[in-house]
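Q: This is what each chain is made of:
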Amino acid sequence: MKKKITLIIILLIFSLISVNATESSNVNYPNRTIELVVPGTVGQDSDISARLYAEELSKLWKVPVIVNVISNTPSAIRLVHEAKPDGYMALMMNDAFFTNVAQRTIDFGIEDMTLLGIVEQSDGQVLVSRSELGWKNLDDLKEACDKEPDTYTVAVAFGATTVVMGKMLVNEGIQCRLVDSSGGADRIASMLGKHIDAAFLVWSSAKEYVENGQWNVLCILNPERSKVAPEIPTAIEQGYNAEFPTRHFIALTGGVNDDIIRTWNEALSSISNNPDFQELMFEKLFATACFIGKEESLRIFNSRQPLLNEILGE
Amino acid sequence: MLFQKYEKLFSGSFFLLIGILLATQINKIKITNISMDSRLLPIIVVSILSVIGLLLVIEGIVEIIKQKNLNSTKLNFGQITKKNIKNILCCFLITVLFVYLLPIFGFIISGSMLLFGIILTLTPKGKQYKRENIIYYFLFLSVAITTGIYFLFVKIFLILLPRGNIWP
Amino acid sequence: MLEYLNEGLALITNLRCILLLFGGTILGVLFGCVPGLTTNMCLVVMLPLSFTLKSIDAISLLMGIQVGGCTGGLISAILINIPGTPANICTTFDGHPMAKRGEAERAINISLFYSFLGNLLGFAALISIAPWLANFSLKFGYYEFFAIGVFSITIISTLISDSVLKGLGSAALGMALALIGTAPIDYANRLTFGVINLDGGIQLITLTIGLYAFGALYEVAEKDLEIERTIQNTKRNIKGFGISLKEFSQQSFNMIRSAIIGIIIGVLPGLGAHISNLVAYSIAKNQSKYPEKYGTGIIDGLVASETSNNATIGGAYIPLLTLGIPGDGSTALILATLIIHGIVPGPSLFRNQGDIVYAIFLLLLIASFSMLIVIKGLLHYFISALSLPEHILIPIIILLSVVGVFGSTKLIFDIWLCVFIGLLAFFMNKVKIPLGPLLIAYVITPIIEINLRRGLMVAKNRTFWEFFQSPIFCVLICLSILVATLPLIIKIKKQKVF
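Chains A, B and C are the protein sequences, given in the same order.
The first sequence: position 15 = 15 (my numbering), numbered continuously.
Converting from the second sequence to my numbering requires adding 1000 to each position, the first position being numbered 1.
Converting from the third sequence to my numbering requires adding 2000 to each position, the first position being numbered 1.
Note that these hints are calculated values from the structure, not bench results.
Quick caveat: nothing in here was measured; it's all calculated off a predicted structure.
Keep in mind that a hint or two might mislead.
Claimed, not checked - Quick look at which bits of chain C chain A covers, simulated, 3 or more residues with Cβ under 8 Å:
1) 2199 to 2208
2) 2420 to 2426
To be verified - Label-pair distances were calculated between CB atoms; the ranges are:
3) C:Phe2413 <-> A:Glu283: 36 to 46 Å
4) A:Gln305 <-> C:Thr2052: 36 to 46 Å
5) A:Gly254 <-> C:Leu2049: 25 to 35 Å
Here a beta-carbon is modelled for each residue, glycine too, at the ideal position from N, C-alpha and C.
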């Protein structure tokens, strides 16, 4: 009997030691699986870009880096915010973080987390309309909306960044009606089914339908013309003060030590500045891989927050 | 037997209680002017629950009153014996303890405790289980299975499980 | 077309591709048959590996997982009354009673056979009428989806066998559970009692595991276990699939109807197999000549549930390949893989990469056979494994379910929810409140609410009357009224409410 008790106790101790001793956070970070939390739905651009980064990080650090996509954005953010400050759980998302701050669905800001930096920049989304409506630019849309205010529907996702884009246009005097949608795929289906008149989409999703004449592209919400689609005029060029390029960042929870931050920064910088990786990101997602450090990133995001608060705070 | 005898009363009270509990939360729902009022569906659901609960309670009371032999309405636990209640309570407490300890001690320790506790609770009291060292066999099984599951999912499938806060 | 078919065949006829397909199927079946570990979880786990493979190899691996997972769930649904995945919930209603009668192997064989047929019918729809179905699905906007939701809710009346009030109460409870969390569109917190972890609502996996796995724990604890109990499988070594030609012909209409339901639900984005099996089962019961037998262990229920959930797979590939819109959660993961490998689904895919399209069609066909071979081959091992004594099996299932719930949601709070939902299930079983209406209402309520709200946003004067402009909406609402009122009137007449 004593032998059996001893055997069990040894087995238990062995299990615990083998599991935890080699995974001590203090020894050679990182030495176990890292989790990259991505708010959104699987298959969307955020998910794909996170997986591309995860693969590169995994190759660099020789530990598994897994992507965990969580559909409820505030829950996803909160999960990382409340994680242990050991650097093994990170958040990768876009400006939707700040729309959530503006809408007060989370009660903390980016300063309460450890922002590592911006890792990806994408063009702003394009506004497309059904070609049978005959609109070729924003002026046509405005004219139609002036004739029949609050009639023409534009699909956005409330709680995400597209609602900001929609409200920017509304603030510029385009009296369209903003309608909620789940995501890019939902907006494509609604456009194809003619249930809505216009929608914000990433160019890679809209391109095919524009090229085959089903849709017209009215503008792109970028500060300047896109390298991917230089023929699309910006809203600013057309006299409408609306631009919202997308930036993806990576952040850890607050209170992470400097060594861990340095390890992340070095890794992200080396991956983002790798020409092969940049080409891959551009080819798959029409996005630019880059690494903009914490200070500059904070400056960019903070400069936009007042506008988001104003547009979404109501 | 108790539950079966007073089925409608219990179910009605349950729905009514849930309805009342949820009703206390309706006023806390933020009113926005985006599309439909977010309170509409909760109000409908709470109303349905309360009405159905009330109807079932009334039905249950009417049934009890209609029963001819009032002596038969005495509380009779019937098939639910004290041993069964003890088993159910034990299982519940073990699972509660498991979930409470999970973030503290991690999956392996808490999981082993869960398996061991529940196996011991549910094990029939027949002759073949009266061997002296059956407890040690169950303990070994619990630790081995939990450890195996942990390694399979964390190391091979990369599905992260709680490590426990006590570990560095 | 023949040229693309040949090229597609050339792409997949290599040992690596076929091995990956079979390997994926085995993995999918294993994940599917363990409650809590879903097909989606297996896909997510294998996604990084798939990125390192060639495109067709990656697709074959993931497709094997998808087909295997959807079918694997029937094993635990039948043997231990806990659905392996939400797509197998209705399989428990008739599958487990058959297992308790000593017909476990027969139940599994029949379910497997009809899963296979469901896959084939989905495949047939995919290769023959995909573009037509895709265009048909586009006609469904917010009004139509709302009507589908209402229709699905009214089918609840068919799952109410005893007390009408209890059935409706169960449905209302399911609706209440679905409403917990942030409201769609305006993100108002509802019914969360100030608990931050409830902001995300109660996930389907948490609810299913709580109701079935933890509920089963208390059921087993209540039993007087003087003797060991295992699944009694008296009828072993079933010949064929345990169904005679006569039975097969009797089930033909049920099978085809369920397949059509599965395909249509698969085609409509945002629904999925967890809805198709509930709807198909309910309609089968509603239209049956002997509805009172459903739930007692008849093969009709198995046929409806398993045909529809597998047909949904083929249906979900239709909008994916033709429009680039995933039909459900699993195909969303497949979409991510395709994009990573430079394959952009959409209208031009058929023109520019027809060989890939036909390779995918053929893989779906082969995956159906691989699923059949894998489960048939491993059936006795599954039955042996799940025939462990209940006092050992149930705790292991609980532990694996916890892994599944935590793996999906990453929150310990959800495990707390499972514990208390299990108590709820135990109580509901004791006072005979049916679980079926709760589950349907839980799954359908978000579809009803989001489409009602979006429909109102789109409607000209923001009024509900605009919904009636849609012919599809009107037809579905009329059907709903018909489905809802007739059985209820019959039941109320039979019962003396007061």
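Q: Give a verdict on every hint.
A: Against the structure, the hints:
no. : hint                               : in the structure
1   : 2199 to 2208                       : holds (count 3)
2   : 2420 to 2426                       : violated (count 0)
3   : C:Phe2413 <-> A:Glu283: 36 to 46 Å : holds (40 Å)
4   : A:Gln305 <-> C:Thr2052: 36 to 46 Å : holds (40 Å)
5   : A:Gly254 <-> C:Leu2049: 25 to 35 Å : holds (34 Å)
Consistency note: the structure conflicts with earlier hint 2 alone.
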